[in-house]
Amino acid sequence: MAQETQTRIRALATRRAFLTRFASGIFASLIVPAVASGVLDQVEAAPQEGAGPAPMPELPEGMNGQHPIERMLQDLQRALQKPVDQRRWAMVIDLRKCVGCYACTVACIAENKLPPGIAYRPVITETRGTYPNVSRRFIPRPCMQCENPPCVPVCPVRATWKRPDGIVVINYDQCIGCRYCITACPYAARSFDSGYFYSDFEGGLPQPYESLPSPEYGENRVRRKDTSPVGNVRKCHFCLHRIERGQLPACVLSCMGRATYFGDLNDPQSLVSELASRPNAFRLKEELGTEPKVFYLV
Amino acid sequence: MEEELRAREGLYSLLRALFSYPLTYEVVDAIKSLTVMPDSPLASGLEQMQSRLQEPVDRGALIEALNVEMTRLMEGPGRVPAPPFASFYLHGGQLMGPAATAARQLYLKWQAIPETGWQIPADHIAIELGFLAYLARHACEATAPEERIRALQASLDFLRHHVWNWLPGFCQALKEASTDPFFTGLAEFTQEAVRLDLQWLEELLVEEAHRS
Amino acid sequence: MNRTEKILWGIALVGFLAGIAGLIQRFTGGHTVAAYGTYVPWGLWVAVYTTLVGISIGSFLIAALGEGARIRALQPLTRIALLTAFAALAGGLLAIWLDLGHPLRFWKLFLSTNPTSIMGWMAWFYTAYGILLLVLIYLQWARPTSPLLRLLFGLGLALAVIFGGAEGALFGVVSAQALWESALVPIRFLIEGAASGMALVLFLAILLGYLEPESGRFLRWTLLGLLLTVAVLEWSEYSTTIYAGIPTKVESLRVVLFGPFWWVFWIFQIGLGLVAPIILLAFLGERKVWLGTAGGLIAFTSLSAKLNLVIPALVVPELEGLRMAFTGPGLSFDYFPTLSEWLLAVWVVSVAALIFLAAYRLLPAEQARHA
Amino acid sequence: MIATRKVSRRDFLKIAGASAGGLAAMAALGSGFRTLSAHEAQQQQEAGSRVVYTACVMCPAECGLEVHVENGVVSRIYGNIHVPYNSGTVCAKGISGLQLVYSVNRIKYPMIRVGERGEGRFKRVTWEEALDYIATKLIEIKQKYGPESVIMDCGDVTDRDPYYYLFRAFGTPHTVEHGSICDTPRRHGPKLMFGGKRIEPDIMRPVLVRQPDGSLKNDYSYRTRLIIYVGWNPFTATRINYESRGTVEARLAGARIIVIDPAFSNTATKADRWIPIRPGTDADLFAAMLRYILENHRDDDPFRRYIDWSFKEYSQGWEEFEAAFRSWWDKKDPLNGLPYFSLEWAADRTGIDAATIAELAHTFGITKPAALVWGMNGIGHHYNGYVASILGTALNVITGNMEVPGGAIDTELVKSSKGGKTSGGDFLKREVTRIVNGREVKGKIEELHMDGYGDWPAAWDDVVGDYPRRFIEGVTLRYGPFRGHHYPIKAYFIRTGNPVITGSNTQKWIEALTAKDESGNYKVELVVYIDTVFLETGLYADVILPEASSLERMSLSDIYPVHPVLYLRDFVIRPLYESKTPYEICWALARKLYEKGDPDIQPKDFWEKYPTEEDFWNEALKVAPGRPNTGEPLPYPNLPKGYKLLGTPDSLEAGRVQIDDEKKEIRGEPLTVQWLREHHGVAIWPMSWKRFHGGGVLQTDSKKVEFVWDYTVEKDGKIERKGRYSKYNKLIEEAGETPPGIARLGWQKYPATFYWFETRWNPYTNPDYAKYREEYPFQVISGRVHHAMSGTQMVDWLGRLPTEDLWAPLNDERIVEEVIIGENGPTPTGRRVRIPRGTWSIGVIQMNRADGERLGLKTGDLVELETPQGFKTRGKVYLVETIRPGVLRVPLGGGGRFSPGLGKTYVFHDITPNHNALVDPENLSPIMGQPAYGDVIVKIRKIG
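One line per chain: the protein sequences are A, B, C and D, in this order.
Residues in the first sequence are numbered consecutively from 1, following the UniProt record's numbering.
Residues in the second sequence are numbered consecutively from 1, following the UniProt record's numbering.
Residues in the third sequence are numbered consecutively from 1, following the UniProt record's numbering.
Residues in the fourth sequence are numbered consecutively from 1, following the UniProt record's numbering.
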């Protein structure tokens, strides 16, 4: 009997591995509705949130590697196989494709459960010329995740730092809310959470979607008055909680013009490496020496 | 047959109670009152438990001591030697993992909710065993044979695909972590009881499938 | 308690009580009661803090120069200067403490100081300076003859100069804000602080009626010198900036000079804070009443210079177009303090005044001249 | 039977060695579980986290969504990557759906009016009471006036089938949707010539294509070389989701993009060229292009070989069309004295110089594949948009761009079918009797239709813009068996629509809804408003019913992909408050009507036939995809060509089909809701091109592209009238009466081929209006604010974004008392909310900077616009370089919003412009009655 048990467990382990290949990622939770019918077979298949790279999500058949989302997901998988200090996350935004729809702005707000007054990724509209010779560009502005982030050294309490993979993060429990880093950022990419709620403008009662925990930094905080992140500085973190699970940042997924790309700059085969090295790539305020890891294509 | 079904319900109710903190006089008395044949696979475990309960100490002190040991083993604070949660064994040491979610979904599918609500993760050993008791009761009370089979089949699936994947690991951990005969006995008793039931259900349902 | 003192107590108490409303709002409404936010992260409270710290340094300089550098003309003012320095420091720290997003986490400044952050350093400077002030106050009153005094005053003088400059460096190193990023900012902070603190001590000494003519003369010319230096610094800063024409910096200056709050610059900072006192000091400074007026003007308008440094830099968008990109509370480049912010500022200043007045009551400021 | 038989295996007790009684007694210790009711269990289930594939309805683009639910709350909305239409993308508005679902301004309960219409005073009632009220009234109206006195208007969004089904069963032919107040003129060309509706560029990628080796692969290649968008702004009015990514990708792959629009739209930002045309002159431009192409085409010169004559293989009547077109060339325009359709003539009218027009025509003629695409804000909104859409369709056809890879596709013809019997079309065929002029007449229900047999026989989408007149005057049928029959309109059901703001002139609608008869009763006796959000029309309703939001209901989406794609709208969460799904509402009302003895509502048609919601939608899926197996590459090479395909993609692929040679049908396994759920919510059948050849997907009488619309053919020795207009012309000839719309043009009946008439309220092209040129110097056009269409402006996130110089944070500071939709309609809560200056986007009037400076205006100034008829509206001007001088652009439905259900948008209704306040209510375009929103001229006055 004992031996039989062992065999069974082993068999299940294999089966588990097999099933997990099909699960997870962005589309992972797909299987959850099925749990109700198939029940515990899926238990094993469900992804382990936050526990290392998740396998490739399920994608439509016949993509032939041509769908940029598919390619980026593969890039992400490869990067997640490496130790964290060998990854260098970067974003490329093709301004020729940005149609000015603000999907990224709102997708980010919804993903990170941002309160009124905070947008990690606003889209700047820049209009030039006089009638009839006019031009207009839309410039989404996430955090640049600078190689030399000016916001980091000024923090008096070491609440913000650059991770080995290049993402500048904030420890909400450490941040005292002095806002020095906001003044230090040349891109205005940091926001102060003053403590507003949608309910302040919408009927006075907490809105259901703002009572949900924010997935930021995998901490699942429920935002409440007077507790972090209220009173903290907040910023775009490339949806760190998503990329660590093998998912693309919210803005990349939603983008209507497919103008935003994400991946590992250290991987010469990645889509972002390819795009960022194009001659038409530039970065904002290069003269400041901040070395942003957000590249724009024109 | 009816008898057996009722016995299963009793068995799982007992097991549930044994893993529900704190232990009560009621459950202690229940263990004391239980008898099995000497050659039963359950005998060794039961004997150990009973031996501990027979110790000539004050009733209150005994139960106090058992609860202290149970706290150390399974309740905390901090890291405990034998975490009583399926996720811990199935999902690389984490708690509240996917198993908890899926277990919860399963209970709800059977329109069952733990009396403790969802405060305690749904993959706690006591809750899973309690659910088996719940299904056993369902099987007992079912008037339609198909319904009875459905409940038994669900018990079997739950045991085979889930509980049995982690329970031996847990019992092992419990056994290794304690010197108290009550808990080493409990570990043995539980593992054997569940194994027996799994075996019994398999045989029963295979036969049933064969017949129909 | 003389009449002047009673009036001062009255004003401070009224300010304190009125300001409590602001304090209550700050604690019930958090930061939603304030107009600062994401694009303009620092506002009135930060300006009040820098002003009060500047005043503290300035007043401390009187004591330190008098006792440490043995400038006899200043020695009669040592005690009042120390009390002023302490009260202003307390007020300044209170202002910045209430400005923090999480005031209760202030201890992290000490337990996890970031060595690369000037603000991290400042926390230690303040502590050292605050302790020094307390020790000096103790010694000054309890052991006025202690030989330690001179040593500590000397040390304090060095500390005050470094620390006054560092306060300015807090802004001067921020390359993202064109208006701040300048080598002149630390020096301006030091000089402006010296002027405002000395002026306040001068004003208080005259008001409380024990200014000695010798001290008055000394301070008159010192202040005049400092003000002229400020004028030169501001002129060189503004003229070179406008000539060089770095867009964001010029834009900030445009806001200062001709923006919606042009009057803060022209009337308060330049008119009442610089030109009027220079005239008074240069031509009418022999009479106590004008000397005191000049001191009062410099001290009380010192906030305008700080407001004109802190806010105009921030109201210029880092990236043009952000103004319209997304809107919401805190996402505005227009800043004007809310009533709550004003009330809290009044409360903080009143607390500083009350500390001063209480100390002044408990510890006699008159002292024997050195032999 | 385990319960009874004796078991032969070792029994449990024996192997356990325990005594039965002993163990059984342990049951007293309990399982620690309690049993929930099914309902409770369901609720608990939903409290978990999961992902549901569904379809959006924040706008009619209806993208496929992947919605995340946490603890029973919708937490995030992403695009469904399995739906090729949006391929995983989702717009700001789609994501904001979650704020709409949880909006405090949702209608939460059924309500019945207590004050006068328009006052907005209601009381909460139970569903029972509300349905009772409606059913009683409906039966009374039916008995008194006939069921044709009832209009069921399904408004602006989809999922209309249950309503159509119920009301058609009830017996009214008036089941309508928003089409005719949207853009019917622009659909007219494709409808006449293809039987389709909407020409779009072939830039939906990926498309699933059959490979030479027989496999199916997703194709990502963009073959388009040129797209000309005329008054079409897909980036903002994202009706066609894939045109956002498709346009920019095609451009990077080498396509030229030209945008012709008076305003520099978001789409224009990505164009190689922006041509700011004078509003209302698109037909003039197209005519000049066609003339240029016809005059300059040379078969033997590769640089001027514009026409691809192969179009003649699948078309008929080109010669007649061309002759009619050419017949205008020698005529002189009375306004400028130039020959019609010449370059100079067009230059004078359009404000585009002749060389540019010539270049445009040449470029379009020579560049292949190309697509000429026009949109709702331009051609759809002008009195003569029909002419433009016919010319545009002809241009696409003769240049050989229809149905070629990278060319133009009429998406209406190739998308999957859905609905089938669930639309209730069968009910319309029932025979009824009416007394007309004292004579008993028999006919079909559909022949009682107020448009088809009344004033607008060619209006295949019903004339909602003309309803206010009908509400007051009633309906007189002019054609068909019931000619002479007069009936009033007594009940108006409006569901997810807001005609008070979007259905022609606002004031006119209000008058019609509040008009009373001599005895002081409302002329329209019953107005029922069914929606999730509380919009202006709701203020005039007698009964308000809360409909489930798009995330709380089920139905199907198939919006304009270039090949058959169908996806499921599924339940994401349970309907909040007391709202019900359309199916639930209709079935409940049907039961009520049945209980009250309505003879037309029978259980066998309703709950007995479709007992669950899923049954109903499974019925609707039976006709999918319903398109022929045609084109190159053939979608299913192993199945007979030209036969109609039915069934799931996998069954067709695997050949699990029945082939019916008689009906020419291939029937695979029928598509079901369950199948869709198991396949990421979407069914995708393969793409092919050249689907016009040999009949293919064309739905004209001749199964060819038709350039003539009233012609005769001889069949079996009998002469038959064919062509889309012939049906109407027959009615006209039989009755001897011309419909008023075309009588206004001086026509007797519908022309058989190319026709031309001028737009109205345009002083630059119509001599009758030239006199207004000086006094009313501005033409007003509308713009679609994608973020904030009529029904979604209360959404916080969308109010914080600007759009296209039409929707900008120009609000002043206000402290307002909050109003929310409570049990008794809009209710002040007593809370005061501060809205700081510049933090909330409002509708503004886009104006050229030079115009503004000339008038001494600056951005933010409040102005009043006034038309020659005295219609007025006011708003803030926004001075920009991005619009043609002399043109003002105002968001449609973006201002003057007086329903408190719009939250912060409502607050600023006094400083935002309502475009429809300016629209001439009589200016309904002549053929289909579309309100001519784009033909408005004004003078401007500063008021603050």
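It is possible that some hints are incorrect.
Straight-line Cα separation of at most 25 angstroms, SDA-like style, residue types lysine to any residue; simulated pairs [said to hold, decoys possible]:
id : chain 1 : residue 1 : chain 2 : residue 2
1  : D       : K703      : D       : W460
2  : A       : K225      : D       : E116
3  : D       : K108      : A       : K225
4  : A       : K285      : C       : G321
5  : D       : K312      : D       : S702
6  : A       : K225      : C       : S239
7  : D       : K523      : D       : E116
8  : D       : K217      : D       : K644
9  : D       : K123      : A       : G204
10 : A       : K285      : C       : E181
11 : D       : K604      : D       : E584
12 : A       : K162      : C       : I20
In case anyone wonders, no lab produced these hints; they're calculated from the structure.
Pairwise hint evaluation, E116/D against K523/D, where the allowed Cα distance is 25 angstroms at most:
Holds. K523/D to E116/D sits at ~13 angstroms (cutoff 25 angstroms).
K225/A and S239/C: Cα distance at most 25 angstroms?
violated (47 angstroms)
Starting from K604/D, check that the Cα of E584/D is at most 25 angstroms away, please.
Between K604/D and E584/D the Cα gap is close to 16 angstroms, so the pair holds against 25 angstroms.
Would the pair K162/A and I20/C pass a check requiring their Cα atoms to be no farther apart than 25 angstroms?
Roughly 41 angstroms between the alpha carbons, so the hint for K162/A and I20/C is violated.
Under the criterion that the straight-line Cα-Cα distance not exceed 25 angstroms, is the pair K225/A, E116/D satisfied?
Status violated; Cα separation ~43 angstroms.
Verify the proposed pairing of K285/A with E181/C, using a straight-line Cα cut of 25 angstroms.
The given pair, whose Cα atoms are some 16 angstroms apart, holds under the 25 angstroms limit.
Satisfaction of hint between K225/A and K108/D, Cα-Cα up to 25 angstroms:
violated (28 angstroms)
Tell me if the straight-line CA distance from K285/A to G321/C falls inside 25 angstroms.
Holds, at roughly 15 angstroms.
Check whether the Cα positions of K703/D and W460/D lie no farther apart than 25 angstroms.
holds (19 angstroms)
Given hint K644/D paired with K217/D - CA-CA distance at most 25 angstroms:
Holds, at roughly 22 angstroms.
Quickly compare the C-alpha distance for K312/D and S702/D to 25 angstroms and report which way the hint goes.
Holds - the C-alpha atoms of S702/D and K312/D are around 13 angstroms apart, at most 25 angstroms.
Are the Cα atoms of K123/D and G204/A separated by 25 angstroms or less?
holds (23 angstroms)
Comparing the model with each numbered hint stated earlier shows that hints 2, 3, 6 and 12 do not hold.
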